[in-house]
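Chains as they are written, first to last, in our numbering: chain A, 1 to 165; chain B, 1 to 100; chain C, 1 to 402.
For the record, the hints were derived by calculation from the structure and aren't laboratory data.
Just so it is clear, the structure is predicted and the values come from calculations on it, not from any experiment.
The hints are all genuine.
Simulated pairs of lysine to any residue, SDA-like, Cα-Cα distance not exceeding 20 Å: (1) Lys-17/C with Phe-4/C; (2) Lys-109/C with Val-16/C; (3) Lys-26/A with Ile-35/B; (4) Lys-80/C with Asn-148/C; (5) Lys-380/C with Ile-154/A; (6) Lys-26/A with Phe-22/B; (7) Lys-109/C with Leu-21/C; (8) Lys-38/C with Glu-310/C; (9) Lys-88/B with Leu-76/A; (10) Lys-55/B with Arg-129/A; (11) Lys-66/C with Gly-48/C; (12) Lys-380/C with Ala-157/A; (13) Lys-80/C with Met-75/A; (14) Lys-17/C with Ala-341/C; (15) Lys-150/C with Phe-72/A; (16) Lys-380/C with Leu-168/C; (17) Lys-80/C with His-27/A; (18) Lys-88/B with His-27/A; (19) Lys-109/C with Glu-3/C; (20) Lys-66/C with Tyr-31/C; (21) Lys-150/C with Asn-78/A.
A partial selection of chain A residues facing chain B, derived with a Cβ cut-off under 8 Å: (22) Ala-19; (23) Phe-139; (24) Leu-149; (25) Leu-160.
If you anchor each label on the Cβ, the simulated ranges turn out as follows: (26) Thr-83/B with Tyr-93/A: 31 to 37 Å; (27) Leu-5/C with Ser-147/A: 49 to 55 Å; (28) Ala-62/C with Leu-160/A: 50 to 56 Å; (29) Phe-69/C with Phe-17/A: 34 to 40 Å; (30) Asn-86/B with Val-16/C: 56 to 62 Å; (31) Tyr-8/C with Pro-142/A: 42 to 48 Å; (32) Pro-4/A with Glu-3/C: 19 to 25 Å; (33) Asn-86/B with Met-375/C: 24 to 30 Å; (34) Asn-86/B with Phe-206/C: 55 to 61 Å; (35) Arg-85/B with Lys-380/C: 27 to 33 Å; (36) Glu-3/C with Pro-142/A: 50 to 56 Å; (37) Asn-2/C with Ala-108/A: 44 to 50 Å.
Every residue gets a Cβ at the ideal spot worked out from N, C-alpha and C, and that includes glycine.
So the chains spell out like this:
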Amino acid sequence: MTAPLVIFFVLAAVAVFGAISLIVQKHPIHSALSLILVMVALAGLYLLMGAEFVAAVQIIVYGGAIMVLFIFVIMLLNAGEEERTNFSRLAMYAGVPLAVAMTGLIAAAIVGSNAAMPARTPETLTSTRQLSTLLFQEFVYPFELTSFLILVAILGAIVLAQREN
Amino acid sequence: MVPTSYYVLLSAILFGLGIVTFVFKRNIITIFMGIELMLNAVNLAFVAFSQSFGKPDGEVFVLFVIIVAAAEAAVGLGIIILTARNRKSLNVERVDLLKL
Amino acid sequence: MNEFLTHYAFLIIPIVKIAILVFLVLTVDAYLTWIERKVIAHIQARWGPHRTGPHGLLQPLADGVKFIFKEDPLPASVDKVAYFLAPFITLMLALTSLAVIPFGPQHFKVFGYETGISIAEVNISLLVLFAITALSVYGVALAGWASNSKYSLLGGLRSSAQMVSYELALTLSVVGVLLIAGDFSLRTIVVQQGVKGNGLFSWNIFPQIIGFVCFFIAAIAETNRVPFDLPEAESELVAGFHTEYASMKFAMFFIAEYTSMITVSCLATILFFGGWLSPFPASWTLTQYLPSVLLIPFGLWVIFDGIRYENMFGRLVLPVVGAVMAAIGFGLIVFPVVNDAIQGIFWFLAKVFAFLFVYIWMRGTLPRFRYDQLMSFGWKFLLPVSIANVVLTSVVILWRMH
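For reference, chain A alone in the conformation it holds in the complex (with noise of 0.2 Å):
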């Protein structure tokens, strides 16, 4: 049981509660900081693969940005809990089990797929350097494009957030 198995295994468990609380909390605000602890653990998870430059910038801009706008939003639309439901029982009862056992089915393919991938090799650090030359010099196509897609997105919020005269 050495330390990164562990530290996956704690890390694994954090994110599985988080993306169950994600389900069963009933109000969207639990929800919301449900999935930052996802996103949190992911970020964890990234560290021990040796992805450092990915880590920060899932903390930065998933859990620091994109989230925030999920809570402004959630504040400012008053969003209250969800109402009861006139849930199928059928699809509770049958449901759940169907699902866990299909979740093993592909758990037991994957884990016991050994040949298929490739033997693991010892964590190294991605330098922020080695990403940086292939961002800009493999893929600057890609992202200049991603440039104009946020350009657009803006444009689309702008438009979508004014007032109808």
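Keeping the supplied structure of chain A fixed, place chains B and C upon it in accordance with the hints.
For chains B and C alone, kept in the frame of chain A given last:
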């Protein structure tokens, strides 16, 4: 050393939980959060494979996914605010004006 | 026992360092409130805390006792999860950001474990600090929302909108420094400023003066201090997002604010003012005795002031404090090994306290921004200037490469 298949399995579980959120919840914002959870699960798979092959290409793609998710969240939440103001409710089952 | 320590040194040494650092930072926080009250009082031509202990030095202790014994009410219709989580997140993030700051140049080996004077030696320490700044918006937003009161919600939303806006200017104003240093690690940034050995003139403040001004203004807005403290000012919106918080939880917000002030001052000294480097060139070796030259007269003055103090307690305590200071000053001259070890930390702390003094000075002098002025200043002035700084720096660097 953590085997790559463990990371991929965790990514599959999170993706499945994201789909469950997307299908079973009725608050539009919670559904949107399910979409974000699915995107995060995919990011985890990308980084796991990038580490496994030793090349940083997967991490560059993760950056692109994060950027696209940010743009989508901005526009999507704008649409949600407008819809909520028009229909006075955040329940997706109430947005049914086009139904027969 | 020795082998247990060697085997688990990677866990035990950081825990010991964390304990020392948290204790020191909380003490500095407490006495920062004393310094703030005294400095603002003297700016306003009055004395400040004066009765509790000699020169009011026991005032932070009295405040601490008050916070512990005051009733901690729980308003009835708050959202319990968010209400308890908000001050906890704010304090946790503020204290965590101190883990990646390097305080001095030394590297030493304890039980075979190689470490420096910082809790964590990370390659991306600057990005970690930005990540923590990005997450600290949640503490404010959740505090405002959970209190279930109009004033708190408005104050919380205003404050988090302000923090998100100035976070962009903060991050961009540092990019110039990153371009010059070439690495995210704070230790590398400081070392690169000291490579030429010119002292003051090779610090990053001279190439990056625009970046420093943008960074400092954005940092004041991030920590919600005057002149950007509209969301938490006492006379606006009752008290903003921490209206409904009383004793211990309010103390957590309070400590978190002062700790983030300290963190931002540390960051400003590391990025722009050379961190632990001395402003004098390395060849002027006599300046190594500056700590002693400062400590000895100050210790003697404290003794002199204490002997003639008005009450008995002061006449007992102050001369002892002064004698200890003068003894430390003499000890530094007599033991040059200690003097060498202490140079880096002395200069670092001197610069950090200079920045904290500037913070407190601004609080006593400047009026507050109105909210729309604040937002338009952040988006329409500070952000374009930061971007212009990045462009200018990269143009100059490319021009110099040819």
